[in-house]
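Protein chains: 2
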Amino acid sequence: MAIDFRIQHTDISTSGRCGVLTLSRGVQISTPCFMPVGTRGVVKSVSPQEVWGLGYRMVLCNAYHLYLRPGHDVVSRLGKLHHFMNWHGGILTDSGGFQVFSLVGLRKVTSEGVEFRSHIDGSTHFFSPEKSMEVQAALGSDIAMCLDDVVAYPVEKHVAAQAVDRTYEWAKRCAAVQKTVDPALFGIVQGSTFPDLRQESAEGLVSLDLDGYAIGGLSVGEPSDVMLEVLETTVPFIPQRLPRYLMGVGTPVDILDGVVRGVDMFDCVLPTRNARNGKLFTSFGSINIRNARYRDDPEPVDSKCSCELCSNYSRSYLRHLIQEKEIYGHRLSTIHNLAFYQRLMADLREAIREGKLSTYYGQFLARMEDSND
Amino acid sequence: MAIDFRIQHTDISTSGRCGVLTLSRGVQISTPCFMPVGTRGVVKSVSPQEVWGLGYRMVLCNAYHLYLRPGHDVVSRLGKLHHFMNWHGGILTDSGGFQVFSLVGLRKVTSEGVEFRSHIDGSTHFFSPEKSMEVQAALGSDIAMCLDDVVAYPVEKHVAAQAVDRTYEWAKRCAAVQKTVDPALFGIVQGSTFPDLRQESAEGLVSLDLDGYAIGGLSVGEPSDVMLEVLETTVPFIPQRLPRYLMGVGTPVDILDGVVRGVDMFDCVLPTRNARNGKLFTSFGSINIRNARYRDDPEPVDSKCSCELCSNYSRSYLRHLIQEKEIYGHRLSTIHNLAFYQRLMADLREAIREGKLSTYYGQFLARMEDSND
Chain E
10 MAIDFRIQHT DISTSGRCGV LTLSRGVQIS TPCFMPVGTR GVVKSVSPQE VWGLGYRMVL
70 CNAYHLYLRP GHDVVSRLGK LHHFMNWHGG ILTDSGGFQV FSLVGLRKVT SEGVEFRSHI
130 DGSTHFFSPE KSMEVQAALG SDIAMCLDDV VAYPVEKHVA AQAVDRTYEW AKRCAAVQKT
190 VDPALFGIVQ GSTFPDLRQE SAEGLVSLDL DGYAIGGLSV GEPSDVMLEV LETTVPFIPQ
250 RLPRYLMGVG TPVDILDGVV RGVDMFDCVL PTRNARNGKL FTSFGSINIR NARYRDDPEP
310 VDSKCSCELC SNYSRSYLRH LIQEKEIYGH RLSTIHNLAF YQRLMADLRE AIREGKLSTY
370 YGQFLARMED SND
Chain U
10 MAIDFRIQHT DISTSGRCGV LTLSRGVQIS TPCFMPVGTR GVVKSVSPQE VWGLGYRMVL
70 CNAYHLYLRP GHDVVSRLGK LHHFMNWHGG ILTDSGGFQV FSLVGLRKVT SEGVEFRSHI
130 DGSTHFFSPE KSMEVQAALG SDIAMCLDDV VAYPVEKHVA AQAVDRTYEW AKRCAAVQKT
190 VDPALFGIVQ GSTFPDLRQE SAEGLVSLDL DGYAIGGLSV GEPSDVMLEV LETTVPFIPQ
250 RLPRYLMGVG TPVDILDGVV RGVDMFDCVL PTRNARNGKL FTSFGSINIR NARYRDDPEP
310 VDSKCSCELC SNYSRSYLRH LIQEKEIYGH RLSTIHNLAF YQRLMADLRE AIREGKLSTY
370 YGQFLARMED SND
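Heads up: the protein sequence lines correspond to chains E and U, in order. For the first sequence, the working numbering begins at 10 and goes up steadily by one. For the second sequence, the working numbering begins at 10 and goes up steadily by one.
Isolated chain E, as found in the complex (with noise of 0.2 Å):
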């Protein structure tokens, strides 16, 4: 078995729970969690040394991103990924097909495969089932996923039951391969914001008796609600003892909602990215660090926080970094959004420790509403 999954609590209230996802090199992540994005082998703006010190196990990285550049090839020569990187957790490799899903008009998706043309210098590139199995095998990948059809929001019911189909006639030849690999393999369900599509792609999934698997197709456009109206719909059809992972997902509350709702794993740019833009979220609500309020403003971002920014400097000083676009202000901000993200997954699985995450999840709406610029 590549990976071993324990349920450790269910809540009482909620179809929230917590365990423990144990990977092939003995690594250790308790979930629900929360997976930063280290897209081209870096979590942007930090060290590998800080992203453990601030509690996470598993990053995620991109499949195709490095198979361009600097060449899956390289990194295999070079000792697979945990060893370029120095990176001594887990490893989630996207397989490639919501990059490539994002290349409007510089893709080609036939029943054998994606051909698409690089964002970097437009050379053309094949992407089938197996060369995405390949490539994140080569890797060194802990948890791979399955080559995916993704489809637009919102798209005709019948171009989304043939990216159903198309994505379970994938995933057939990505288990194939997966035998003669290391990763462990997560399936992804597909369907768009068809309630029979999703129940199909997962029934069709789960028989092929994965590690895994994601909720996949969201968080490329639809309202917050449709987002949650699939959840339902979906998660019920993926077994309860393996663990579910909701893709590219999402703010604070997105991720409340997800797991009340049974999801255990999770990843988003949203906490590097806005870090680097200024946005900070604390423990009452988010704030952007840009507005002039906080120009003289000698308090920390959060006096909650006991990260490298809040220990150290002042709201005016970070402003001032941000304001200058300093690379060291990107890594205040990164830390400190991370170290959020981290304390609430902690306090999550608490929560559902305890079997109080209703009770969390009504507490933690009031306080971010508290104050929002």
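Treat the hints with caution; some may be incorrect.
Any copy, or any two copies together, can satisfy a pair, since identical chains are not distinguished.
Derived DSBU-like pairs (lysine-lysine); straight-line CA-CA distance at most 35 Å [to be verified]: (1) Lys89 to Lys140; (2) Lys140 to Lys334; (3) Lys313 to Lys89; (4) Lys89 to Lys334; (5) Lys117 to Lys334; (6) Lys117 to Lys181; (7) Lys288 to Lys365.
Quick caveat, the hints were computed from the structure, so don't treat them as lab data.
Please arrange chain U on chain E, whose structure you already have, making use of the hints.
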């Protein structure tokens, strides 16, 4: 006395000397020293803890930049610069003279001071010697520099002579202000490439009994041998017992050339700026990590270096980060170059203590010529 400077050893066959500069706040700096540049109140891409950990005890900040943003008044209200930027070492502030000099076409110099337009928003400002001292004192500088009149290279003698006079008059006015504020005060010797003007400038400033003297108006485009001639004609007119500071210099070889001529202090953006462009100093010469030859290179940048970069990462990984403009790549290469410069200064001090500076100089040049990309 705002600072104390003790010379502990002088070299046998050169003018090199090593000593200790003690600031009023108790910070001790071994000389010859290099000061990393923290223009806007941060050494680009690294934390003050990292700068300190590398052994640096003094950085240079720019009065001009901090005056414009966030404003010296803001910094002052926030507890002055040391507290603002969380730096417990010394801070030397540039007066703004050189920055204003760089604003070609945007400045007007009179005997009263310099009127200039902000490089940020075009707003008009006026720096008199008194204003420059007020700004530097408000920032909480440990060593302030006199506002000086910098001229381009090459320049006609009568223009250089006028700048010498003006620099002297301004220094007198700075010295008058200094009696009422905290920072120590260094004069800046001008005179372009004219030995008699350099002598006149030095003698005039020395008569003001300042705490130390800088050789200014260099690194403005003159050839290297011209810089060394100026150094040789200027240094003898600065009292032995006082610190001598060569502003804006330079490459490792420039620093060696300065140290053998009796210079004690240096600052330059070179190690930090080059780092961000992938140009790294090593024990076998400088390399450009963007070179394709490093694509698959599993070796550390410099096997003789034990910095965060060289202890943990391959050339291949750093090349990848720099190619992708990843912020963490800027940090790692900055740490590396600052570690190199600090080791260079420590080696120079050691060579002076052992009376072997000439030998070290020769060996260093030979090593540097071994390999250059």
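field: Contradicted hints - numbers only
entry: none
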